[in-house]
Structure formats: C-alpha cells, structure tokens
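Chemist: Take a look at the letters that make up each chain.
Protein chains: 2
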Amino acid sequence: MMKIAVDAMGGDHAPQVVIAGIEQARDQFSDLEFLVFGDEPQIRKYLHNDQRITIVHTTEVIENNDEPVRAIRTKKQASMVLAAKAVKNGEADALFSLGSTGALLASGLFIIGRIRGIERPGLMPTMPTVDAAGRGFNILDVGANAENRPNQLYQYALMGSVYAETVRGIKNPRIGLLNNGAEEHKGDELHQETHKLLAASKDINFVGNVEADHLLQGVADVVVTDGFTGNATLKAIEGTAKIVMKSIKHAILDQGLKEKIGALLIKGSLSKIAAKFDVSVYGGAVLLGISAPVIKAHGAADARTIFYTIKQIRQMIAGQTIQRVVDYFDQHQITEEN
Amino acid sequence: MMKIAVDAMGGDHAPQVVIAGIEQARDQFSDLEFLVFGDEPQIRKYLHNDQRITIVHTTEVIENNDEPVRAIRTKKQASMVLAAKAVKNGEADALFSLGSTGALLASGLFIIGRIRGIERPGLMPTMPTVDAAGRGFNILDVGANAENRPNQLYQYALMGSVYAETVRGIKNPRIGLLNNGAEEHKGDELHQETHKLLAASKDINFVGNVEADHLLQGVADVVVTDGFTGNATLKAIEGTAKIVMKSIKHAILDQGLKEKIGALLIKGSLSKIAAKFDVSVYGGAVLLGISAPVIKAHGAADARTIFYTIKQIRQMIAGQTIQRVVDYFDQHQITEEN
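Which chain is which? The protein sequence lines are A and B, in order.
Residue numbers are given in my numbering: position 336 of the first sequence equals residue 336, and the series is strictly consecutive.
Residue numbers are given in my numbering: position 229 of the second sequence equals residue 229, and the series is strictly consecutive.
This is chain A alone, in the form it adopts within the complex (with noise of 0.2 Å):
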C-alpha cells in the first residue's frame, strides 16, 4: 500500500476538487491509501466515502501571499506543514499540494530535507511535444531557484533522467541543455561549464545544447536549464500557446454564421489540438530533490488534474524514483564542483 500526504486546503478550489481527485484515484488504484491535512468539516462536506482516506484535521492554511520560509514556522498547524511533517516521519510516501510553491518549496527544504549530496532541489513540471511519439519532456529547474551553478545543472541532468526512465518509462532519455545556440561555447559561463559537465558523465545521455523554439518539437526528453530562464521560457510556452488558442477561438466565434457553421465542422480537430497543449494529463510539477516525492499541481487544476498529479505520484513512489537517485548519489557522493 502506498500512501500519499495530501494538502486540502492549496489552490483555487479547496477542498472541493481535491476530494474529487483523490476519491477517482482512490477508486482506480486499490494500492493507493491518503492521509488528507484540512478542515475536517470542510472536506467531508465534499466526500462520498472515507475508505483508504484518513482526514487530519487541521486549523491554519498557508496563503500565496505569505513570505515562504516565515509561514511554515509560524503556521505550525498549516494543512502543508503537517502534511511534510507526516512525510518526514515516515507515516506517508508522499506530498502533494496545490498550495504556494514557495512554501511547498520551503516545506520541502526545511520539513523533509533534501537528498544527501543535492544542492539544490528544482521544479520540474512535464510538457507536451507535437513530435509523432508525443512523449513531451521535462524541464528543470524552472523557478525553485533564481540562480545556479553548473554542478547543480548536472544534478538535474542525473535527477531527470532517473525520473523520466522511472516514471515515464523511457529508456537511455534524452538530456538537452537549454542554450542560446547550438554549438558547445554557446552562452555565459554557467552554460559553457555545465555543457562540459554534462558531455563528460557517463551517467546520462547528453544530446547537446538545445534552444528554446525546439523543445515542444521534442528535442529532448529533460531539458536542464536554469532557474530563472528556465521560468522564463516556461511561461513564454505556456502564455503564447494559451494566447494563440484563444485567438483563434475568438476570431472564429466572434465572427458571422459562415465562422460559426465552419467552427461546429471543425471543433473535433480544434479539440484534438487543445488537449494536446492540455499539459494536465502530465500531472504536476515534481520538487525534484527532496528525500521524498513532492508535487506541486498549479492552483487552478480541476478534480482530472488532481487524478493525474496522483497517478504520476503513484508511479514515482511504485518506480523508486527518489530511492534510485539517493542511491546514485550515496554511491557517487557528488561534491560541489563550483
């Protein structure tokens, strides 16, 4: 039995559609148990039956305006503190929020700890790609940092790899280096030494540099990049994508009945499309180094998300994930090398 810890009380819509998620994935996965932190009134206004899920009553909830680090260790009975804490003492398998990703961050750091030998944990969510295989890619860090070093570039790059042959099941993946050009001596400083870095290890499968208008083409399988272009590239796919769709949804409803009556013949094709931008089916965005799986699901995500961040929760814990990269980096004990 695996059992997740999940945080109610985060997102747009709490509790509500958390409850919905985790008893649709409570009622696919027999091996799936949730210790669910939150207002007990609250949640069990919403929940049809309580079988495999423990409620943990609690009486504060972080805010996405708190400051982070200040609000896990002044709300000592926030729903996602205790969520951590249950994780960090071993009475779940996992942490799932869709609460503030600084404070989930913060939780993360301070609460679980992170791996031996990780400098620093990075946000990895998974996007999709318009490649025939379509398998998307990962991406890490895009914003648990605002700046790194090479080495923890390289850390990404080993910690990605694991996660993407683990859970996503893809053999020998493809690493790419977010850069600004193609060739080796591209970029500042931290892109020319982590690209040594990684063309160096035998441990991953360097594909090169990679730039930011070929990754939904599916150029690599993780792509490591820093934190803060990493943030930047991210919400430049996700925004333009999101604009161009809704663009062309307006230019067509907004338009006479000739629009309209080509929009009805249309719509399957523009909904294959939309579902295939529809980066819910991925799941959430894995706190890749922590000693325990963390996923944070954005704020917005509806009952189906919540399903999905479960199902690739479920896989990381059934796939050891974070075990094989404690294991690698006990076995290697990868030092800081800048």
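No lab work stands behind these hints, which were simulated from the structure alone.
Among the hints, a few may not be true.
Which copy? The list can't say, so a pair holds if one copy fits it or any two copies do.
What the hints assert, rightly or not - Pairs of lysine-lysine residues, derived as DSBU-like cross-links and limited to a Cα-Cα distance of at most 35 Å, are as follows:
#: 1; residue 1: K186; residue 2: K85
#: 2; residue 1: K272; residue 2: K171
#: 3; residue 1: K76; residue 2: K186
#: 4; residue 1: K186; residue 2: K75
#: 5; residue 1: K260; residue 2: K242
#: 6; residue 1: K249; residue 2: K3
#: 7; residue 1: K85; residue 2: K3
#: 8; residue 1: K242; residue 2: K186
#: 9; residue 1: K272; residue 2: K246
From a predicted model like this one, the values you see are computed outputs, not experimental measurements.
The hints should help you fit chain B onto chain A, whose structure is shown.
Modeler: Here is chain B on its own, set in the frame of chain A:
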C-alpha cells in the same frame, strides 16, 4: 534625402529578394536613396531600374558559420564590411543586412562603433501583442550578449524608450523588466539591482516587473532583459506560436471532407490570426547602441519584410532615434555603475 547602405548578399534568397524589397521601398518613398553592396552582375540581373540606387561591386560574402570577428577582419571585401564602412565614413546613414547576426554585431561594434557611454549594444526586435491597442512591444537584449550587468539593462531601457517614441510614436512608453515574478524583490541579483536602477530613473516610465507569459498581452511597450533570458524567451514565443498554428492547420487539413469545408469557411479568420502573429510587418531587429541605425532582417525574410524593414529604418533616420540617444548619453554621461 536619406541614404541606406544595404548588404545585398546576406540571407537565404540573396540578392533577389533584397533587390525586390529595395525597389518596392524606393518606389514608395521618394526621400530614400540606396547604396547596395554585392555582386554587381547578380544584382543587375534582378534590378528593374537603378533610380536612386547605386551598386557597389563586392567580391566576398560573410557566411553564417564564419567566426564573426575573424570574418570581418579577414574578408575585407565582403559586402557587409564595405557597407558598414560606408556608414562609418558618412556615405550612408544606416546599415541594413540579412546576413549573420554575429558578423553584423561585430561590424557595428568594430567598424561603425558604439554610441559614447553605451556599454553593450543590444539586439531588439518588435513583437506583436493581442491587446485591443495591438501596438506590439520591443524587447532587448535578445542575444547580442550572453551576459549583462544592471547598468546595461538600464541603458536598454533608456534606448528602447527613445526608439518606441521616435519610431513607433508612443508617448511615454511603458518600460517593463522581464523577471520571474511581479514583486520587486524577485529574481537574481542582476534583476534586483536592475529593478532599483529602473525604479529610480526619472527618464523612463517604468511599470515594474513583467513575466514572459504576459508579454503578448501588451503589458509593456519595451521589455528589458539580459541577452540570455531574452534569447530563450523570444525563441519560446516564436517557436510556440509557429507550432500551435501549424498543428491547427494540420489537424484541420489532414482530416476528412467535413473539416476541409469547415476550414474553407473560417479561412479568412485564421488568416487574420496568422497576420497578427506575423512579425514581418514590424521590420527587422535593431542593433541598438551603435552610433548609426543598424538593422538585421531574418535570413528567410521575403521582399515584403525587407520593404517593412526599410520603412522602419527610414523612420529611425527621420525620427533621429540614434541622435537622440547620443545626445542623452552626452548630456548625462552615464557611466558604469555596476
């Protein structure tokens, strides 16, 4: 009469499309004169009439894979080098090329020279926005540099502001700093320090941090960023817009008769969207910080884009964009602060 030095040998379809674009602009704007550098027999082959067009025969061409600084030093008879020298010597007011960005940057820096006081020129395209005003935005640096310091980003803000006012006719242009969050303390040291410089300046209309997913919504008229992040963001936006549009096209046209009829009905609307994201009407990317207008159009640009780029150059000369920047820095003697 304004005189533009054109490197006719750069780009994928040189010199044919370059000549076509020049003739179109010459016919439309009676105050334009051209000094066209390139292989005379090839140019003559495409030229319909040489009114206000002087051909300067050159025997070498800088290729995209030439090492930029080395290329401009060894290929002394290259069309780009000789065009840059014509600007340096006052025989022309502006330099226009579709060739290697790196070589054009080197030509700007080492042949024409920087504006006094400017630390690092930045590459600045104009991008579309989908807001009601739809006036687009400028973003710099998008890759002339792999690293930047705070004062350089501040100089981009000052120069971008003058450009938006003189070329795009925007009064009091809104300047945004590309960052990983809206709050002023966000980002690494570079962005925190830059935020302070921008917020303290009385010479620009600073609207604070902007994020990459909001740029197409028109949150700022000029977005300043370091060359590494700017490069990734620009490529992510362009690549995503292209891929989403292409996916939609395929999804519709690769389907059955129903979709094909539907596609016909909405064709006009889709074209309007494609046009909205068509950056060619915005002209080329300006190498801002060089003591004359230096503009680079994409290697794949067609005659229409070349026409619009020439129109943009004309506006830069008529609006005295560079002279205003020169005057500003002469008066303020902004020196390296960081």
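Chemist: Determine for every hint whether it applies to the structure shown.
Modeler: Taking the hints in turn, this is what the structure says about them:
1. K186 / K85: Between copies only: 28 Å across chains, 43 Å inside a chain, cut-off 35 Å.
2. K272 / K171: Cα proximity of K272 and K171: one copy only (28 Å, versus 43 Å across).
3. K76 / K186: between (47 Å within a copy, 26 Å between copies)
4. K186 / K75: Between copies only: 23 Å across, 46 Å inside.
5. K260 / K242: Classified as both: same-chain Cα gap 21 Å, cross-chain 24 Å, threshold 35 Å.
6. K249 / K3: neither (42 Å within a copy, 45 Å between copies)
7. K85 / K3: This pair counts as within: shortest intra-copy Cα distance 14 Å, inter-copy 71 Å.
8. K242 / K186: The answer is both: 30 Å in one copy and 24 Å across copies each meet 35 Å.
9. K272 / K246: both (15 Å within a copy, 13 Å between copies)
The structure is inconsistent with hint 6 alone, although it conforms to all the rest.
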